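Number of protein chains: 2
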Amino acid sequence: MKSMKQYGGCPVGFEKVSINGGFWAEKQKLMEDITIDALYKRFEETGRFEALKGEWREGKPNKPHIFWESDIAKWIEGVAYKLQKSRDKELEKKIDYLVDLMEAYQSEDGYLNIYFTVVEPEARFTRCTDHELYCAGHLIEAAIAYDKATGKDKFLKIMKRYADLIDRVFRIEHSAAFDTPGHEEIELALYKLYMHTGENRYLQLAMYFIDTRGTSKRDKTYDFASLEYMQSHLPVREQFTAEGHCVRALYLYSGMADLALHNKNESLYNACDKLFDNITQKRMYITGGLGSTYRGEAFTYDYDLPELTAYAETCASIALALFARRMWLISPNGKYADAAELAIYNTALSGVSLTGDSFFYENPLYADPKKKAFNDSRPRGLMQHLPIMERAKVFDCSCCPPNILRFIESIGDFAYSSSGDTVFAHCYMDSKAEIPLEHQIVNIEQHTQYPYDGKIVFSVKDGCGFSFALHIPEWARSFDIKVNDSECQFTLKDGYAYIDRLLGTGDMIELNLDMQIETVEANPEVRDICGRAALKRGPIVFCAEGADNRFNLRDVRIRRDTRWQIYEKEIANTRLIGISGPAEVRRRIDGLYSAEPIERQEVTLNLIPYHAWANRGVNEMNVWFLLKD
Amino acid sequence: MKSMKQYGGCPVGFEKVSINGGFWAEKQKLMEDITIDALYKRFEETGRFEALKGEWREGKPNKPHIFWESDIAKWIEGVAYKLQKSRDKELEKKIDYLVDLMEAYQSEDGYLNIYFTVVEPEARFTRCTDHELYCAGHLIEAAIAYDKATGKDKFLKIMKRYADLIDRVFRIEHSAAFDTPGHEEIELALYKLYMHTGENRYLQLAMYFIDTRGTSKRDKTYDFASLEYMQSHLPVREQFTAEGHCVRALYLYSGMADLALHNKNESLYNACDKLFDNITQKRMYITGGLGSTYRGEAFTYDYDLPELTAYAETCASIALALFARRMWLISPNGKYADAAELAIYNTALSGVSLTGDSFFYENPLYADPKKKAFNDSRPRGLMQHLPIMERAKVFDCSCCPPNILRFIESIGDFAYSSSGDTVFAHCYMDSKAEIPLEHQIVNIEQHTQYPYDGKIVFSVKDGCGFSFALHIPEWARSFDIKVNDSECQFTLKDGYAYIDRLLGTGDMIELNLDMQIETVEANPEVRDICGRAALKRGPIVFCAEGADNRFNLRDVRIRRDTRWQIYEKEIANTRLIGISGPAEVRRRIDGLYSAEPIERQEVTLNLIPYHAWANRGVNEMNVWFLLKD
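Chains as they are written, first to last, in this note's numbering: chain A, 154 to 782; chain B, 154 to 782.
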């Protein structure tokens, strides 16, 4: 479907949306009570902070790693988002200390990367494929967040100096060994920096990086990687299929969307929209996961979505949500919020344990302890990539854990946007929002148990004569909207219900989304799951775990006409909604092959939200079940 | 089922069984008309023969490879089997030339390996895991075959000198760096050498290698491999599960079975029988393929049988047949011939094209051209193992092509065995046989279109008062046996029908096996194929190929009650039997996921024997189909 473009969309940042209750209040509390400190400890133990002292010399421990600063940056950014709600001396002391270290190792010319400062100074700005400018981008995002939260601008000044150097070296002098960064991220960060400082050269540099991509002979990759791996195979406006490393790709597309919105650039928007459709219509797991292979952490080809070896990196789903949120600002089409919700409620949340202190990098759709055990016992050099069965406290490349932190702390970003005098509600969450429109600021309270319940109630605390558009998720078989307890007229367009009257103080809008349990088949071209179906309720995809089901989860047969029972369950002190119902599995037999039909037995299949799996030790997990005819 | 042991079994070698018509006459003609020369050319082109001149020096081409002699040996062996039927000056000239080269580079002390002679002389007998004694074993088999075929014993003398050296170094002096070979094969070759020469020390050395295995601290592996990889993790009598490199394992088990038979060694037989059952009841593809991963070309664990990444090496299935044939000499149990037939008629034959000049090393059960194309385009260093879609003319490690040659040329080995005054018929093939019994030599003609037809007719041309036992395959739903056109009494025991009367000259025995098309399910524990079934008729497993079916082969749904039609088909001038019948596939849809049932359409599914796949270019191939409830 061709999308309506308006370009008039304005984000409503999470700082204007306070989460006071419901699903996300619990998640944010978890981040603030547990995750922030857990990550800090891990990064400390692994020498990430120590490394910033720049004291490393050949033979000494804590050798700085090329992407360590990006891990630290995302932790600072996440903490800063928390500080925007409530300051915290202890946390600020930690950040100020880190900022002082950065100030100390920042070079005269403004260069800032600890690895290229103490390990390979001669290699500065020579490795296109590497994480050098990616780190810069995350540090810029962190500096902006910390400045907003505390008014302390030392970090911001450091990063502006570095950004100025990058601008000179890349855009003005072309004195670097390559022209555009092989690991994208800085593009969207520079746009943020421009929006925060108003300094035009950062916008120019972002535009330069995006317009130059795919046109430079100097942008070379490691010999193991292809140009597609880093999205340098074509000019961005000629990229119609999502290729290569998923996180790199989605950060690029997000930056492209920022500029398409800002410059009302139709060709850039069209490229983004084609890429978005290619991803969501051909290359996305039902859980909103991206990346069909660990080789290059990459997209492969249309309809190639293996379950066991799915990569579906946590960061990639976060990035998909970031991309989708930018797209709905340009064009309020429900498909963007639909994809964002799949990514958020399934793969992104699967990235962190219910206890908040351990993390998944990859999020497979099937996990088999036997294969894992086998994998662990493989001879060295013959290792096979197979899904991780348990979350880890930290990774060598620990991009996902702090990404989840900053993402959940800023989840309010996904609630609303505005355009002219219209308020758009995209992803529903219990919140109080202050929404700036063209001629007024509107205050709206939202109460809901979403995603576990389809009832969402908005009350207008302050505002007059504004329009209201509500996202109607693609999964909603039916819905109704009441204003002040009476049915109201609305116009349904591109997945949004536009209420046919103006609203103001005292109005109460009630949206009821029919949240059925859906039996979902994949396109037959997805050869890995032919004959199988997944169960979904609202944006939540369910999975079965061995902990709740003492039978072979791959052999489970479900029926379309099953009336699934919804039940409340608690795992690791987290309340969640599961479903259960009758299913069939075959009985055990002796022997390997049977020409006789193998007997079936009825079992009760218990399912939990996919994002809650692997919180009870190693056990089998499955999302796609055999579908009885 | 516990097997009855008798230890009295005697092989009836292929030299006593002439194949004059039917399925195997065609295959042997193909080998003799095409394969023998095709392999010779490839080996010549790739410098394998040139290397034997020993002229290689650092920097020069045709550097000898550690296992090249085994490739040459298997070619000589295969050619020698042909020469046993009819001499051929040209071929003998080629072999005599090669033997002269070997004589020239054989060391004073009898050592014979071109790689360790010209490339790494210092490394002789130091690398347990390597192919040094494996090459020796194949050369010994070849020398025996050539001596039998031509009476020219130069090659045999060369190999006896080498075997004497190996005996001294390993069994007497223990002066090698290891105690038992990491790549088995020499054990069964030494037993053959003992049987051919009557020289006891070769038997002693074979027993030494087998009894010492798993007990020596000096038997170490490359650091990438485990002791399981080369079956050195335990003494052979304590190995109850098939582990590690499949071909190494099955050549070892074959050697163990030789000695169990010869020495009437119950503990050795029991180990063999347990290993056989572990393989066939838990680790064997329905095609008789062995090896669930390319990592180590190895077994993995019970019920782990992935289709797309199956290794199922041609050599491993040949080795399974060799092992099974030895086992039925010890204990006439139908399970051995059943497994042998699966291996022979499916994976082993899939190893060679119908044109006889190209070969598969691996034999996957599902092949997807998209995955292959994607694989080929992967960045270097990020290669994924995925099935080969087309056969190759030769491989760097080209063990399979000459193995198929010697195997098909000696297929007569599988027809009969004898015990006392009983003739056992195991695998049926159109043939004339001269079978030595305790007190007479029996001549039996066998006429059949097996494996495409279940009718087998035996006529006794010469013999009196002997007993006859016929293998009744596990797939036969029913069968009848007539002697001279009238029903006869028989006793069914362990998969063999023992005719209750003595037979003699002029008797005609007709066996009719009910050859139904079977819909076969795998044990539910085989998670990779839950919900799927394969189609089988007699020993032939069917597959569908894109060339005959213009729809998604993974989405095909078959029914148990389908009345499949049998049809004759010709591919590459080879007549074969296919089957066809109605099936269902889902229609194409837009979008990636659908909560609505996806419409089905009826299609005609056309299947051909698995072994005949990939003879019509790159296309999709599938064995396991969705099974409608």
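By construction, these hints were calculated from the structure, which means they are not laboratory data.
There's no promise every hint is true.
Each pair may be met inside one copy or between any two copies, as identical chains are not told apart.
The calculated lysine to any residue pairs, modelled on SDA-like cross-linking and capped at a C-alpha distance of 25 Å, are [unchecked claim]:
| id | residue 1 | residue 2 |
| --- | --- | --- |
| 1 | K194 | C617 |
| 2 | K781 | C617 |
| 3 | K313 | N772 |
| 4 | K722 | Y250 |
| 5 | K427 | I742 |
| 6 | K305 | Q642 |
| 7 | K345 | E723 |
| 8 | K247 | V322 |
| 9 | K646 | D743 |
| 10 | K781 | I751 |
| 11 | K246 | E671 |
| 12 | K417 | K546 |
| 13 | K523 | Y454 |
| 14 | K216 | R712 |
| 15 | K247 | R712 |
| 16 | K646 | E749 |
| 17 | K585 | F167 |
| 18 | K546 | I594 |
Since we're looking at a predicted model, the values are computed, not measured.
_Regarding K646 and D743, is the shortest C-alpha distance of 25 Å or less found within a copy, between copies, in both, or in neither?_
Cα proximity of K646 and D743: across copies only (20 Å, versus 58 Å in one copy).
Report task. Using 25 Å as the alpha carbon limit, work out where K722 and Y250 are close: within a copy, between copies, both or neither. Result -> Close neither inside one copy (43 Å) nor across copies (79 Å); limit 25 Å.
Q. Checking K585 and F167: alpha-carbon separation at most 25 Å within a copy, between copies, both or neither?
A. within (10 Å within a copy, 87 Å between copies)
Query raised in the report: With identical chains treated as interchangeable, where does the CA-CA distance between K247 and V322 reach 25 Å or less: within a copy, between copies, both, or neither?
Result: Neither. Shortest intra-copy (32 Å) and inter-copy (69 Å) distances fail the 25 Å Cα cut-off.
Give the relationship of K216 and R712 under a CA distance limit of 25 Å: within one copy only, between copies only, both, or neither. Neither, since 55 Å and 62 Å both go past 25 Å.
Copy assignment of K546 with I594, given that the CA separation must stay at most 25 Å:
Classified as neither; 43 Å inside a copy, 75 Å across copies.
Give the relationship of K523 and Y454 under a CA distance limit of 25 Å: within one copy only, between copies only, both, or neither. between (29 Å within a copy, 8 Å between copies)
Homomeric proximity label, K194 with C617: Cα distance no greater than 25 Å
For K194 and C617, the Cα distance exceeds 25 Å both inside one copy (49 Å) and across copies (89 Å).
Q) Are the CA atoms of K313 and N772 at most 25 Å apart within a copy, between copies, both, or neither? A) Classified as neither: same-chain Cα gap 48 Å, cross-chain 56 Å, threshold 25 Å.
Quick one: K781 to C617, C-alpha cut-off 25 Å, is that within a copy, between copies, both, or neither? For K781 and C617, neither the intra-copy (54 Å) nor the inter-copy (60 Å) Cα distance is at most 25 Å.
(request) Can you give me the call for K427 and I742, within, between, both or neither, at a CA distance of at most 25 Å? (result) between (50 Å within a copy, 19 Å between copies)
- Checking K345 and E723: alpha-carbon separation at most 25 Å within a copy, between copies, both or neither? Neither, since 40 Å and 67 Å both go past 25 Å.
Hint violations for this structure: numbers 1, 2, 3, 4, 6, 7, 8, 11, 12, 14, 15, 18, all remaining hints satisfied.
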